[in-house]
Amino acid sequence: MVGWWKNNREVRLLAHLLLPLCLHWTAEEMTHSVLVDVTTNALCPAQSTCPQAIYLNGLQQTTVGIFKMAVLPVLGQLSDDHGRKPFLLFTVSTSIFPFTLIVINKSKGFVYAYYVLRTINLIFTQGSIYCITAAYIADVVDDNTKAASFSWMMGLFSTSHVLGNALARFLPGAYIFLACHYRKKKQVLFA
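Here the sequence shown stands for residues 12 to 202, where the numbers follow the working numbering.
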């Protein structure tokens, strides 16, 4: 059973990168289903739907999409100049702060502050983590094993999404943001 680990040098070479990213992607995915309930309860109490939450979410996605076009090339260039690891650590660790607000308090003011911090966070992280990770893999791995290494990265990305959805279904909603907050905190310390 351990034979695959000995034969896959590219996986052993990238374990320090792929395991924390797997934790990050799982924690990110866990919050999606619960976040709708949290924002609806905070912005429109005693209602099953919330137009404010829908509007804020649309505004957030539009803002992130526009600013991401300018930030992604800059982050790529900076990671070329100053190294991939510091920028991976920066982009992954900034996602701790918005969820910390939700852990502290789920009131209307904290949800608005969450949306502001999360929008800024998504501008820097959405897409850039994948790009910088792929560039890091391209730098570290031999040409013969790049395809296998990229396959491992995307396989773990897909597995993290499935695992995050499954965990979100079984964990109580009150513990998801708390679990994601501590998981991401440990992940930054692990990196």
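Derived from the structure by calculation, the hints contain no laboratory data.
One or more of the hints may lead you astray.
Straight line, CA to CA, 25 angstroms or less: simulated DMTMM-like cross-link-like pairs of lysine to aspartate or glutamate [claimed, not checked]:
| # | residue 1 | residue 2 |
| --- | --- | --- |
| 1 | Lys-157 | Asp-91 |
| 2 | Lys-79 | Glu-39 |
| 3 | Lys-79 | Asp-92 |
| 4 | Lys-79 | Asp-154 |
| 5 | Lys-157 | Asp-92 |
| 6 | Lys-96 | Asp-48 |
| 7 | Lys-157 | Asp-48 |
Here are the computed distance ranges between Cβ atoms for each label pair [as the list claims (entries may be wrong)]:
| # | residue 1 | residue 2 | range |
| --- | --- | --- | --- |
| 8 | Val-127 | Val-85 | 18 to 28 angstroms |
| 9 | Ala-145 | Gln-71 | 18 to 28 angstroms |
| 10 | Leu-100 | Ile-77 | 41 to 51 angstroms |
| 11 | Leu-24 | Thr-60 | 41 to 51 angstroms |
| 12 | Leu-178 | Leu-89 | 26 to 36 angstroms |
| 13 | Val-173 | Val-151 | 38 to 48 angstroms |
| 14 | His-93 | Thr-60 | 41 to 51 angstroms |
| 15 | His-172 | Val-22 | 29 to 39 angstroms |
For glycine and all other residues, C-beta sits at the position ideal for the given N, C-alpha and C.
Each hint tested on the structure:
A threshold of 25 angstroms between alpha carbons decides the hint, and for Lys-157 with Asp-91 the separation of about 19 angstroms falls inside it, so the pair holds. For the proposed pair Lys-79 and Glu-39, the alpha carbon gap of about 18 angstroms is at most 25 angstroms, so the pair holds. Among the hinted pairs, Lys-79 with Asp-92 is consistent with the structure: their alpha-carbon atoms are about 20 angstroms apart, no more than 25 angstroms. Taken as a hint, the Lys-79 and Asp-154 pair is broken in the structure, with Cα atoms around 30 angstroms apart against an allowance of 25 angstroms.
Among the hinted pairs, Lys-157 with Asp-92 is consistent with the structure: their alpha-carbon atoms are about 22 angstroms apart, no more than 25 angstroms. Taking the CA atoms of Lys-96 and Asp-48, the gap is about 35 angstroms. The hint is violated against a cut of 25 angstroms. Of the pairs offered as hints, the one joining Lys-157 and Asp-48 is violated, with about 41 angstroms between alpha carbons and a cut-off of 25 angstroms exceeded. The supplied range of 18 to 28 angstroms is met by Val-127 and Val-85, whose beta-carbon atoms lie about 21 angstroms from each other.
Between Ala-145 and Gln-71 the beta carbons are some 25 angstroms apart, a value that agrees with the proposed interval 18 to 28 angstroms. At about 26 angstroms, the CB distance of Leu-100 to Ile-77 disagrees with the hint of 41 to 51 angstroms. Distance hint for Leu-24 and Thr-60: a CB-CB separation of about 48 angstroms, consistent with the stated range 41 to 51 angstroms. Taken as a hint, the range 26 to 36 angstroms holds for the pair Leu-178 and Leu-89, whose Cβ atoms sit roughly 34 angstroms apart.
Separated by about 26 angstroms at the C-beta atoms, Val-173 and Val-151 break the suggested range of 38 to 48 angstroms. In this structure the supplied range 41 to 51 angstroms holds for His-93 paired with Thr-60, their Cβ-Cβ distance being about 46 angstroms. Checked against the hint of 29 to 39 angstroms, the pair His-172 and Val-22 fails, with Cβ atoms roughly 20 angstroms apart.
Of the numbered hints listed earlier, those contradicted by the structure are 4, 6, 7, 10, 13, 15.
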